[in-house]
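**Q** Sequence:
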Amino acid sequence: MNQPDSKAEALTAPRERIAALRTVLAAQRLDGFILPLADEHLGEFIPDASKRLAWLTGFSGSAGSAIVLADKAALFIDGRYTLQAAQEIDAEAFEVRHFRKPPPTEWLTQQIASGARIGYDSRITSMRAADQLVAALKDVGAHAEPVIANPIDALWADRPALPLEPVELHPMEFSGRSADDKIAALSEELNAKKIDAAVLGQLDSVAWLFNVRGRDVANTPVVQSFAILRADGSADFLVDRRKLGPEIAAGLGNRARIRDISELAEALAEVASGGATIAIDPDRTNAWIRDRLVGGGATIKPLPDPTALPRARKNPVEIAGMRAAHVRDGRAMVQMLKWIGDTASTRRLTELDVVAELENIRANDPRHRGPSFDTIAGAGPNGAIVHYRPMLASNRALEAGSLLLLDSGAQYLDGTTDITRTVAIGQPSAEMKRHYTLVLKAHIAIATARFPKGATGGQLDPLARQHLWREGLDYDHGTGHGVGAYLGVHEGPQRIAVGDATKLEPGMIISNEPGLYLTDRYGIRTENLVLVRESAEIEDFLEFETITLAPYDRALIARDLLDARETAWLNAYHAQVRDTLSPQLSEANAAWLREATAAI
Numbered sequence: 003m004n005q006p007d008s009k010a011e012a013l014t015a016p017r018e019r020i021a022a023l024r025t026v027l028a029a030q031r032l033d034g035f036i037l038p039l040a041d042e043h044l045g046e047f048i049p050d051a052s053k054r055l056a057w058l059t060g061f062s063g064s065a066g067s068a069i070v071l072a073d074k075a076a077l078f079i080d081g082r083y084t085l086q087a088a089q090e091i092d093a094e095a096f097e098v099r100h101f102r103k104p105p106p107t108e109w110l111t112q113q114i115a116s117g118a119r120i121g122y123d124s125r126i127t128s129m130r131a132a133d134q135l136v137a138a139l140k141d142v143g144a145h146a147e148p149v150i151a152n153p154i155d156a157l158w159a160d161r162p163a164l165p166l167e168p169v170e171l172h173p174m175e176f177s178g179r180s181a182d183d184k185i186a187a188l189s190e191e192l193n194a195k196k197i198d199a200a201v202l203g204q205l206d207s208v209a210w211l212f213n214v215r216g217r218d219v220a221n222t223p224v225v226q227s228f229a230i231l232r233a234d235g236s237a238d239f240l241v242d243r244r245k246l247g248p249e250i251a252a253g254l255g256n257r258a259r260i261r262d263i264s265e266l267a268e269a270l271a272e273v274a275s276g277g278a279t280i281a282i283d284p285d286r287t288n289a290w291i292r293d294r295l296v297g298g299g300a301t302i303k304p305l306p307d308p309t310a311l312p313r314a315r316k317n318p319v320e321i322a323g324m325r326a327a328h329v330r331d332g333r334a335m336v337q338m339l340k341w342i343g344d345t346a347s348t349r350r351l352t353e354l355d356v357v358a359e360l361e362n363i364r365a366n367d368p369r370h371r372g373p374s375f376d377t378i379a380g381a382g383p384n385g386a387i388v389h390y391r392p393m394l395a396s397n398r399a400l401e402a403g404s405l406l407l408l409d410s411g412a413q414y415l416d417g418t419t420d421i422t423r424t425v426a427i428g429q430p431s432a433e434m435k436r437h438y439t440l441v442l443k444a445h446i447a448i449a450t451a452r453f454p455k456g457a458t459g460g461q462l463d464p465l466a467r468q469h470l471w472r473e474g475l476d477y478d479h480g481t482g483h484g485v486g487a488y489l490g491v492h493e494g495p496q497r498i499a500v501g502d503a504t505k506l507e508p509g510m511i512i513s514n515e516p517g518l519y520l521t522d523r524y525g526i527r528t529e530n531l532v533l534v535r536e537s538a539e540i541e542d543f544l545e546f547e548t549i550t551l552a553p554y555d556r557a558l559i560a561r562d563l564l565d566a567r568e569t570a571w572l573n574a575y576h577a578q579v580r581d582t583l584s585p586q587l588s589e590a591n592a593a594w595l596r597e598a599t600a601a602i
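If you want my numbering, it's the position in the sequence shown, counting the first as 1, plus 2.
Keep in mind the hints are simulated off the structure, nothing from the lab. Glycine included, every Cβ here is placed at the ideal spot set by N, Cα and C. Nothing false has been slipped in among the hints.
Derived CB-CB ranges, DEER-like:
#1 468 to 402: 27 to 35 Å
#2 113 to 540: 55 to 63 Å
#3 167 to 358: 21 to 29 Å
#4 179 to 538: 23 to 31 Å
Listed next, the in silico PhoX-like pairs over lysine-lysine satisfying Cα-Cα at most 25 Å (straight line):
#5 505 to 455
#6 303 to 505
#7 505 to 195
#8 53 to 74
#9 103 to 74
#10 140 to 74
#11 196 to 303
#12 140 to 303
#13 340 to 435
#14 140 to 103
#15 195 to 303
Take the sequences, apply the hints, and build the full model.
**A** The structure is reproduced here in structure tokens:
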């Protein structure tokens, strides 16, 4: 880690840091700078060394961007971070704005004069976002200028070092398919499309392709690296060689070549030479890579990441691993839910107590490798904040007559989990029970859905919302997202969301998580993971298999709101949970589970 010099030590507050940044920008004849929360790989989780936005603004949320101009600065966030931003941001330094009211680029064009030069870091900006920025500024007579080096890096003297965690092989026991096989299959697809190579920058794509895992970022087992997949059946794995043990090269197979990540620019120039046609995903590849390829003479073919669909279609080994991981995670959830009920009635519990206890329980599993995202434990009104994260400043106690929304997940060597349960603390109100049951009905509608092959997640989304719409209610997020196999807890392209056009295919794993959020009162969400599979009864139709195993809170169910079909599904699911998990539990926990899953 770099040692701070005397000048940098003085940059302890956002006002000082933003003043120093403006000095650097003025020296480079820039009228402003755009700073997203991103790294070179454009993934959901980034290493500490890339958290430039937090250093500049003090905002520690997981999504946002800032625009700094000579006379003003704005931080753009989504609604889930409104309270957090108010607590963390110096209002004298940054105006906090919703990222859609208006979008950052639109806001920027309203603030600048013709001829303005706005800097951006092309290494942490996607190809599509860079092109949109250039076009928007051109429309108002301004210019978007890619900077040679991010100016934050020169000011952030105590910036953490990049991680040097070792790369690990993900064996066939868990992957079910060799790296050689994946490379060969994808190379054939490139040939069929008359494409010479594809460049991959997303960490989950590279990890899946080469069957490697790492610990370079929080919550997702990936290693900072790039891949160049070639139509000749080979692939370059660009990674810091210091992370590699002697077993890695042998375990990668015969088609992969290891190169140091410092050779990325050279490797891009090589693959671009001779006017090669190179595929890159415009939303998942940074603009710097595109610019290097074009500079080397390549023709760019914007295409979706070629690993995305094969990665989403889990193979039989991955499916078996996901099922096994969910059995063990279900055992942990039973222990957790029982602990909440027993403990909340005898002593003061807080959201952070719940987070710590759940992590301790899951850590007893030898295949556990940490959370798949930061646990959401929202008590009372905090549960109404979608994607809330408990912190010391917001930590609430679990109070009698309230609800706790607990959304968590884990990474295991054989699978990734993501589960939400809403729990009554003490006696729930009739309104709470009604709202919970409406959400449960929405959840059951997805769990029991049967749909023709070719159907999309966008077509299924209204099946859930109909139960809330009838009551004039809704929720402002998708009904489901894809989940990886010991990879990202948010995996595309499959989703259940309004307007989504991705066809659902057997082997895809998706969350089923409708919700309801009443500001300043409480939130409700019920989430399981489901596997898309062939229908056993109707040819050319698909259905879902629920793989998450944990009881719902029967105290919150208004039984008269469930019809016979919904009641039958709920009882059958609870019986499955009981029969599968009871042999894994102590007698005390098994007894609690028998009561929690009793038929209604």
